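Number of protein chains: 4
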Amino acid sequence: MPVFGNDYGSEALQTESFFCCIERSVMLRAGIIGATGYTGIELVKLLRGHPAAQVAWLTSESYAGQQLSDVFPCPWSDPLLPLEDAPLADADVVFLCLPHAASMPAVAAVRSAGVKAIDLSADFRLSDTAVYQRWYNHTHNQAALLAEAVYGLPELHREPIRAASLVANPGCYATSVILGLWPLAKAGWLSGQVIADSKSGVSGAGRKPSLTTSFVEANENLSPYNIGYAHRHIAEMEQELRRGAGGRLQVASGKWQMVFSPHLLPVSRGILSTMYVNLPEGVDAAGVRAVYADAFDGEPFVHLLPAGRVATLQHAVNTNRCAIGLTFVPGTSTLILTSAIDNLLKGASGQAVQNMNVMFGLDETAGLPA
Amino acid sequence: MPVFGNDYGSEALQTESFFCCIERSVMLRAGIIGATGYTGIELVKLLRGHPAAQVAWLTSESYAGQQLSDVFPCPWSDPLLPLEDAPLADADVVFLCLPHAASMPAVAAVRSAGVKAIDLSADFRLSDTAVYQRWYNHTHNQAALLAEAVYGLPELHREPIRAASLVANPGCYATSVILGLWPLAKAGWLSGQVIADSKSGVSGAGRKPSLTTSFVEANENLSPYNIGYAHRHIAEMEQELRRGAGGRLQVASGKWQMVFSPHLLPVSRGILSTMYVNLPEGVDAAGVRAVYADAFDGEPFVHLLPAGRVATLQHAVNTNRCAIGLTFVPGTSTLILTSAIDNLLKGASGQAVQNMNVMFGLDETAGLPA
Amino acid sequence: MPVFGNDYGSEALQTESFFCCIERSVMLRAGIIGATGYTGIELVKLLRGHPAAQVAWLTSESYAGQQLSDVFPCPWSDPLLPLEDAPLADADVVFLCLPHAASMPAVAAVRSAGVKAIDLSADFRLSDTAVYQRWYNHTHNQAALLAEAVYGLPELHREPIRAASLVANPGCYATSVILGLWPLAKAGWLSGQVIADSKSGVSGAGRKPSLTTSFVEANENLSPYNIGYAHRHIAEMEQELRRGAGGRLQVASGKWQMVFSPHLLPVSRGILSTMYVNLPEGVDAAGVRAVYADAFDGEPFVHLLPAGRVATLQHAVNTNRCAIGLTFVPGTSTLILTSAIDNLLKGASGQAVQNMNVMFGLDETAGLPA
Amino acid sequence: MPVFGNDYGSEALQTESFFCCIERSVMLRAGIIGATGYTGIELVKLLRGHPAAQVAWLTSESYAGQQLSDVFPCPWSDPLLPLEDAPLADADVVFLCLPHAASMPAVAAVRSAGVKAIDLSADFRLSDTAVYQRWYNHTHNQAALLAEAVYGLPELHREPIRAASLVANPGCYATSVILGLWPLAKAGWLSGQVIADSKSGVSGAGRKPSLTTSFVEANENLSPYNIGYAHRHIAEMEQELRRGAGGRLQVASGKWQMVFSPHLLPVSRGILSTMYVNLPEGVDAAGVRAVYADAFDGEPFVHLLPAGRVATLQHAVNTNRCAIGLTFVPGTSTLILTSAIDNLLKGASGQAVQNMNVMFGLDETAGLPA
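Protein chains in written order, with this note's numbering: chain A, 1281 to 1650; chain B, 1281 to 1650; chain C, 1281 to 1650; chain D, 1281 to 1650.
Excised from the complex, chain A in its bound form (with noise of 0.2 Å):
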């Protein structure tokens, strides 16, 4: 028997009332705080799809007074507000896209006015405000907001972020870092030094015109800069791997150690972190496999790959999803994780909505290019 066909009444009729009730149905309404760079265009192009969330108001400080469809080549003409003049309440939750810094201040107008915040900016990720002070050079000055921020990988992190009033959204390299590394760590099975030589498209560096991200100077180039122990990253990739390990960072092979080292891709969009690491005697490949395969059993947005395939830019690239690839190198205990995320999506935009989904009990899938 047809699915649908011939012999009920009206098809146009059945499909008609589906769409009536998204129509119907109550919506999400979202802030975006900074909507005028690249997470903030993502975020307004995934809401907009979103079958259960939508655009409330947009700010620029940039482009205050204008429209967006002036600042992108899009047709929407919502108005960009100064933040002072932004309805902070008249929204469920509120999306902050402000550089470092800038965005405490924002967190704490948002949190006073009773919204949910999602923060895709560095302010709120680390919970040591040393540390903060350290990476940042800036001290903090929200500590009552950072005692309630959640770090906003749902993978790591899922049934906090459910009960969260503000999630801070992960850095871009450092989701691709760690959902790479957490199984390890978990497992306890992090140790000596780690190596994570990152790739990322130009988007990461922001929207603001520069000579290092400028076409001539980018395209048909690889750039590597502040490799080593250099870039603020490290400082959630330390974090949350410690949390994961629990204590159990192994010492065998010498103290654990993270060397990080980002080149600027010439791409627009992506992140391939290819990460060395020594695993302890006695830990084989299959073992790994499965402690990755528990690890993130079930997770929509976690593609683990199979044995002889590695991650590439394209896994990742206008989806939601990290792509891991595992490759044990041949008679050495050396472990090669292939990390590939969209760093506008799964490294910002999309996590963040997936992070709204999450807080607000819907499908975490809602919205997302899976």
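Hints in this document: simulated from the structure, not taken from any laboratory.
Some clues are possibly wrong.
[Said to hold, decoys possible] List time: in silico DSS-like cross-link candidates among lysine-lysine, alpha-carbon distance up to 27 Å:
hint, chain 1, residue 1, chain 2, residue 2
1, A, K1488, C, K1488
2, D, K1488, B, K1488
3, A, K1535, D, K1535
4, C, K1488, B, K1535
5, B, K1466, B, K1535
6, A, K1466, A, K1535
[What the hints assert, rightly or not] Output of the computed footprint for chain D on chain C, the stretches with three or more beta carbons under 8 Å from beta carbons of chain D:
hint, stretch
7, 1345 to 1358
8, 1429 to 1443
9, 1472 to 1485
Just so it is clear, the structure is predicted and the values come from calculations on it, not from any experiment.
Glycine included, C-beta positions come from ideal geometry on N, C-alpha and C.
Put chains B, C and D on the given structure of chain A with help from the hints.
For chains B, C and D alone, kept in the frame of chain A given last:
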């Protein structure tokens, strides 16, 4: 009791029941013949995100026996069947992504099985078999089917598409050129030599490896090809613009004549057509703009740009939109049209889904990135 | 008597003495004003590989006090002087790579120092100061110098360049368009509306960071800009093609009129102009080809393509060549010209070195990638 | 009054006689076997610009009977001969650009004709035939020739190359890795696991079309492949670094062991290797820098970057240079080396010309972009 309704208590409950409703609703089942080219995988992605349709089965001759994730960097294990094993009738609609000529018998088989067909090849676009013979150097042997086929440009033929069982999805270049010129044709203002200088991303050439489309050859390059009056999409442009003009193609400045020059552009996706038209005497900018505004009034996927703006690839890439800009050359009767689409969306698979939506009475924008 | 040697015996000896000879020969000394833009660094590279010229000194206002290797990824420690410290007279020739208007006084200073000047700005390209005023919105205040300036397109003006002390190096778009159309102008076959649809790599926009030329905006994009009759290079095209026609610009199909539409292309370097011309009655393909073959006979840097070929960017990028293809549209009087150059070589610095070679009686191809 | 200089009569005369001398000097004649791949055309370009060498003849099996301008966008009409018709003895040197295994008999034929050979394949790089057998899965049947072959990395083996009749031109990845690590090997400081995370442009994969190297697959992507201990260039790295170390490979931190992870990068040309080495105790940054400065003292094609700088692709692309940066990770014994080359120049054809220059007593830099 309503599937989704109005008087429930908590927000979480509300959104949960909302999503239940989606799962319970009846989904259209779509088969894809030739799923492992770029238009095929694009259809898979669109259908996976579609609220009212889903993939029923996929065929591939080159990769039969493998699964989709063996062929593309995705997590989807859909099996790839040889066409002869495809359960044609176990679908409400079949998309055909085959080369021209090869599509003819496959469409016939689909229609024999009583299933609606959307053909992405050129085989059913040209109503005159002599024209098909001339441009494609192949005899058309499905005249009866051809007679019932509708050219699937919803902006021109929405009502016939609604009633159609066989839709011939337009060519990518043709879509960008026809949408750009059609309002002029309708107004009876198309005359003399019309030049379309078009530039297409490399995915337009398909997935089969060739020297022309290999990275090192195409990258940092721009190559005109088949310029003048040699590219097959000219046949569609002439057919549809003649129909649009309804016999009123001006002859003031001589016979209407298309000159079409495609160029291979070093981007993955997108087409920009820059078109040069000489307007009849007495036609001014305001009149032209009014004609375009009227022609595309209410169209969800046409973005008519305001005065002073030109269409760029980024107005259209990763969306199902066609962006159109009107630029008047001062002191002349020359109108320059800029028309941009994503060749894989509005130029192929997106338009195919739009046609499916129209054919099945769904919201025309369902599942499509606006 | 030859400067270096004659009747030596062994090959090794011979080549050794050959290289000695290079070191012994007197080298032209070239100063570069504005060395830290893309045309400046390109000149440095060309001069470093030139067998008869060398860099004397470099100026930069933005990077004064630093050395070249601080500004570009190269090993060259040449100091960057502020212009006021440049030893103008310690050069046989000075290349000026300044913005228009800023170049005027600098050229005057160079000429006052008795040194030959090759100006890459627009300041001395237009012999009519009113035209300059109109297009550049700036009053020309060096009329005397302008009177002695020669438009530096060697294919058109080789003899005057040979004798010149001040050469105005042509614009990049202008070079591609003028070389493509000049044989028609000379033949008296240029008439009616001529459309030049041009596409340029991003380096044409200079090195100063801007949103338009930032990687994420330009990559995977194609943007028309200043289309129709708005780009300043039109003035050069009109001047030189009028001169080429010598009063014989056809009026058969109406007044000759340039329509010029530049597009920003996602490549670092290269310009392709696709040009549409209607030929006068009675002019056929063989006649046109003969006119082009004659016009460019013996030209070392014009590559006239055989019938059936079109110019692509890769015909020209990283060379000083202009590649020109002739395509006739069957059944029409339309000729499509494809003309490709490297905007930084034949479109700027390469042409400047070619001019230097001509001015100083050197082999015209010396130091230039053919 | 002289235009430049002071005490000679006629500038024009002087420079003319200079160029006469070039024409009069005897030019080396170079044959190229396999001229229609990317390394072949690169050799043609280099030789056409070389002051003391020229192309004698070219072979191509795929395009035999055509001319070079039929195969590449260039104006050069050189005929393409089948190998069997090549006048081997009518050359002073032959470059072989064939796949491994195919090169063996061709090198034998060239040497039988008494002509010096520079082989760009892997066939004569590995002095141990068992190692060749293992990595290339092919039996070496030219042991006698192999015995006389010299590994053509001039920075390591300049004197043997000077005397050689057969030079095995190094692999592209191997060049970037060996040059980066060789000073450490020589110092006896290479030990433990050394990780080379390398990224190469697509031209490294050759010109034969394949899905992997097609534009849409490689563009906006980054793909690891053969990572860990699987890529054939590891054999060269091990051989040359062992030789460099002369038996002093440290065992302090365990056996020296290469881990090598190539990635396909969306650029046409260039290789960047990011390498992670743990230095022996007691070795400090100043010591390491001194060792590198000493190892590359006077090398025309090694650009040792100052402290604080990292190598980027653009330090090397379109030059014959290898740029090397030294970055020390604070608080650790880890040295990060960044090493960049152009895979078609220093990684292939440029190095081959450098070898030719050395073999024939020419200036080592002649004809090479420095």
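Against the structure, the hints:
no., hint, result
1, A/K1488 to C/K1488, "holds, 13 Å"
2, D/K1488 to B/K1488, "holds, 13 Å"
3, A/K1535 to D/K1535, "holds, 21 Å"
4, C/K1488 to B/K1535, "violated, 48 Å"
5, B/K1466 to B/K1535, "holds, 16 Å"
6, A/K1466 to A/K1535, "holds, 16 Å"
7, 1345 to 1358, "holds (count 3)"
8, 1429 to 1443, "violated (count 0)"
9, 1472 to 1485, "violated (count 0)"
Of the numbered hints stated above, those contradicted by the structure are hints 4, 8, 9, listed in ascending order.
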